[in-house]
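**Student:** What follows is the residue order along each chain.
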Amino acid sequence: MSTIERFPAAWVLPTLIPVALFTIYPVAEALWTSLHQVMVLMPDQPFVGLENYKTVIFGDYFADALRNSLLFVLFCAPLVVIIGTAVALFLRRPFFGAGIVRSVVLLPWVLPGAISAVLWVWVFHPSFGVLNGLLKSLGLIERSIPWLIDVNLVFVSIVAAHVWTQVPFAVVLVMAALSATNEEAIEAAKIDGANALQRFRFITFPQIKAMIVVLLIYNALTAFTAYDLVYAMTGGGPGTATTLLAFQIWRESFSMYDFGAGSAVAFIVVAISALLILAISKAMPSDLFEEA
Amino acid sequence: MLRTLAGRLGTFAGAMLILLFTGGPVLMSLTGSLVPDRVLFDENKGLLDEGIRFDNYRYIFTGELPDSYQQAGANRAMISQTARQVPFALVNSVQISFSAALLALLLATPAAYMYARVAFRGKKLTFMFLILSPLVPTVALVTPIYMTIEAMGLLGSKLGIIFVHAVKAIPFVVLIISVFFRKLPVELFEAAQLDGCTRMQTFLRIALPVALPSVAATGLFAFMLSYAEFMFSMVLSGDSGSRPISVVMAALARNTDVSWGLLNASIFIAIVPTLILVAMVWRFVVEGMLRGAIKG
Amino acid sequence: MKPRMKAWFGALAIAGTALTAQPALADVKLEFVVWNYSIDTIQDNIKKFEAENPGITVNLTDYTWPDYQDSLLLRFRGGTQTDVVYGGQDWLPAWAAAGYLAPLEDIAPAETLDALKKDIAGFALSDMTYKGKLYGLPYYADTISFLYNKKILEEKGIPVPTTWDEVMAASEKLKADGMERPIVYEYNQELPNFFDAFVAQTYSRGGDLFDADKKAIFDNPENAAYQQLQWLADAFAKGLVQPETHESKIIPAMNTGKHAFTIVYNYVLAAMNTPGEQALAGQFALAPMPGSAQSTLGFTKFYAVTAKTAADAERAEAAWKFVNFMAGKPYKVAERWAAEKGLGFGQMPLFQNKDVIDAWQKWVDVPTLEKQVASARAGTWTEWTVIWSAYFRPLLAKAMVGEASVAETMKAGAERWNMMQARFAK
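As given, the protein sequences belong to chains Y, X and W, one line each in that order. Counting the first sequence from 1 gives a position; my numbering is that position plus 245. Counting the second sequence from 1 gives a position; my numbering is that position plus 217. Counting the third sequence from 1 gives a position; my numbering is that position plus 1257.
Any given hint could turn out to be false.
So the derived list for chain Y, only partly shown, Cβ under 8 Å to chain W, looks like this [claimed, not checked]:
#1 S372
#2 T467
#3 A519
Here chain Y is said to cover these stretches of chain X; the calculated rule only asks that three of the stretch's residues, wherever they fall, bring their Cβ under 8 Å from a Cβ of chain Y [what the hints assert, rightly or not]:
#4 259-267
#5 270-280
#6 299-307
#7 346-352
#8 408-415
#9 423-434
#10 477-490
The hints are simulated quantities; they were obtained by calculation from the structure and are not laboratory data. Cβ coordinates follow ideal geometry from the N, Cα and C atoms, glycine included.
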């Protein structure tokens, strides 16, 4: 396999063409828009250079939204991967009822985002929240904990909800990756007296590392561009405590009728996403991007 | 002895923790669909004080109003007919998501195989293009893609949604399946080459069968990506004929004319068939993978 | 979309439509776009219309309320056939200025319109008028109202508050007696409701955010809006307020009995007071909006016709027939919304309609409501109000929770308004 062949069009083009059709033109259109003044109420669409980008970056919300979004990624992506891996490792061993647990784990996955939001609002709600009710009836608290009201607790709430929605996918992929690992090496390590943590670190982990990197990248992207769940839970508040950058694209474009500025935010999001991918693949080198 | 007991307790605790975290909110939803709102939100009443009721389910399937609305003079402000779209939307969703997943797998699996096993010209460039294409946030793409679908005459049809969902899934499908194909032992392919298999034969007869559980797992992912997608589903569907469940559920979650019980009954009806379907595929995947692991 | 792409896709489209059956030429198929509130009722109304008007069929498309405006913008920008839409008072100037909507004067007989106008409430007429022309007929018209829990106030011996200071005092007393957060306040940057409620409170103090020339004047500490924001910030700081992202959650929250006051649309009161369904149904009542003026914001959602449709004589005629059926005399459809769903109406004769009043008496004191509606004022809706409000809402949110000062917030909001006004004047 050392010879470099010519481009295998029949194999690869059926993938590349549809993706290009739905990517290149829309992205070009969005790029054009970000460099022009495109407002619903203004018939002219003059070229404005980087003006839209300037407006966005120096806007009132940008710093807050960027900070919130990065924090959100920082908490969510690793948590999803850690919990997903732990659950996958756990579910791999046989135990009574394993089949049921393996199925129930998928539950958060089959719920549309709007519904996950309803359920998690119900968990955390200050008036009729199940969590506060539970803690109260167990005698652990007397007054309601202001989950969705306090600016710090609200972040805990949205991270919990988001992680919940993403864990099943991580479990599925890590389990799939685990099935391809070499069991004999683990048995050998057991005999050598390696403990569970060592066995994971030195034997299992290197074999599933590529998948972990894929998952980290996917989850960083998902968390960075997500806002549906968060907005359904908090409306971006209280104050601007949960205002996220990705939502600003929507706000600029459709609420403020400024598609130029909206597209500018989009490209800022693209640039930061690319940096995130780069950072992750640099921090965790794997054979993912290597030539086979 | 003590060690295995502790181990069992640990397993039990772990299983319960996982069940509670992933299943807890859904259990709440089941409760909410069966217990009247007036009891559910009243701290002074026990959950089962007034028994359970199935009239929200009855309403969704038959259209017969829940009992509390049949009282003389009851205001009907809290009874949304959108809930009655749930069963039909579920059928739409399964059609759309299944087609999208299948389309994505058909288009992407051969490419994933190439990217995993063969060095070719333009590989790095096109692979990077695939990986980077999902970076552009959906909201920035809504307008141009809407206009593309509109120009193709596919607005308001399932076909338009299927296309968009399949294309959205393809980069991830290529990425994930190529990870699996890379893991296949080289000996497998050398043996095939010695037997004189063409590349297509090797792919179809050797690589694909071995990787089938992984491909199915990835298909499941593509299915769910489509099933949960909201934005394109909403702007491209338009009416109940092509509208998938994610849009109907969002409408229910965001409207004032839906009682909590009715919302939860809808949630539950939406969850159960999908969960059964997904769990079945997943079971096949897990079994296949465990078998594969034992063999390997 | 670039012309070449369009042509290419156009060819595909022609190939696609050639395969599907063509409708008979004489029939007009109207595309009616709504947000999805009670779709079955709308479908049923459409069926009645179609039965009365052979040759016209109506295809209904619906979007969720939070996504409605955005989806409609997509349709307008994408050139999707759209004939009749639900419009809103806040969107009208922008949509009309952008050339999306057409005035009814273009498609309807003047004498019919004049007769209909006489029946429409003042604020509703103002909401549907842009540059002196009428752009719609009411789907429903409603006010934002101050709601309270009768039983809780009676038990604590607290009189119904008539000023914001009294609301504060009552809430502090309730909090001292163990109620954690007496006021539920709808708050969501994403939704215009949040800004509408703020305007309503400003009106109740007898003030306005803008002067007669539509200049922003709320950065003055004497201004009613300024004072109300200060009041809200104080109430938040004292821990009296529970923010709530959506009215659908206000209904169960108020029904837990853990809150005494809220400020929402009237139909939420109808939902909160649904007997058999809600735990505390019957305990909730409407009081005049507190403040010296006791006025509030009235608003109107209406049936509007697109400019593209108005330019096509055949479609325009069908569209007008449809709008007139849905909102014209004898107001059967509006009556149905009012009686069955508790939606307010812009057609004032319905206050004399026995069926409506009988239905409403089950959830609200009709004389109090009628008085509130009569004193309601329309908002200041300009081409840039929606855009400005989207900018201003997060600032307002920050000031409420104490992240920003009231003075800075009001100054920034007023500057942006005046800047936009100057820009649109050109």
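**Student:** Restraint: Y/S372 near chain W, CB-CB cut 8 Å. Satisfied or not?
**Tutor:** 4 Å, holds
**Student:** Take the region 299-307 of chain X, compare each residue's beta carbon with every beta carbon of chain Y, and decide whether three or more fall closer than 8 Å.
**Tutor:** Violated - the region 299-307 of chain X has 0 residues with a Cβ nearer than 8 Å to chain Y, which falls short of three.
**Student:** If you count the residues of the region 270-280 of chain X with a beta-carbon closer than 8 Å to a beta-carbon of chain Y, do you get 3 or more?
**Tutor:** Violated, because only 0 residues of the region 270-280 of chain X bring their Cβ atoms closer than 8 Å to Cβ atoms of chain Y.
**Student:** Quick check: the region 346-352 of chain X, covered by chain Y? Criterion 3+ residues, Cβ under 8 Å.
**Tutor:** holds (count 7)
**Student:** Are at least 3 residues of the region 259-267 of chain X within less than 8 Å of chain Y when you compare beta carbons?
**Tutor:** violated (count 1)
**Student:** Would the stated hint for Y/T467 survive a check requiring a Cβ distance to chain W of less than 8 Å?
**Tutor:** Y/T467 check fails; min Cβ-Cβ to chain W is 20 Å, beyond 8 Å.
**Student:** For the region 408-415 of chain X, do three or more residues have a beta carbon lying closer than 8 Å to a beta carbon of chain Y?
**Tutor:** violated (count 0)
**Student:** Mind checking, does the region 477-490 of chain X have 3 or more residues with a CB under 8 Å from chain Y?
**Tutor:** With 4 residues close enough to chain Y, the hint holds.
**Student:** Given Y/A519 as an interface hint, is its Cβ closer than 8 Å to any Cβ of chain W?
**Tutor:** Since chain W brings no Cβ nearer than about 27 Å to Y/A519, farther than 8 Å, the hint is violated.
**Student:** Three or more residues of the region 423-434 of chain X near chain Y by CB distance under 8 Å?
**Tutor:** Coverage by chain Y holds for the region 423-434 of chain X (3 residues, Cβ < 8 Å).
Of the numbered hints stated above, those contradicted by the structure are hints 2, 3, 4, 5, 6 and 8, listed in ascending order.
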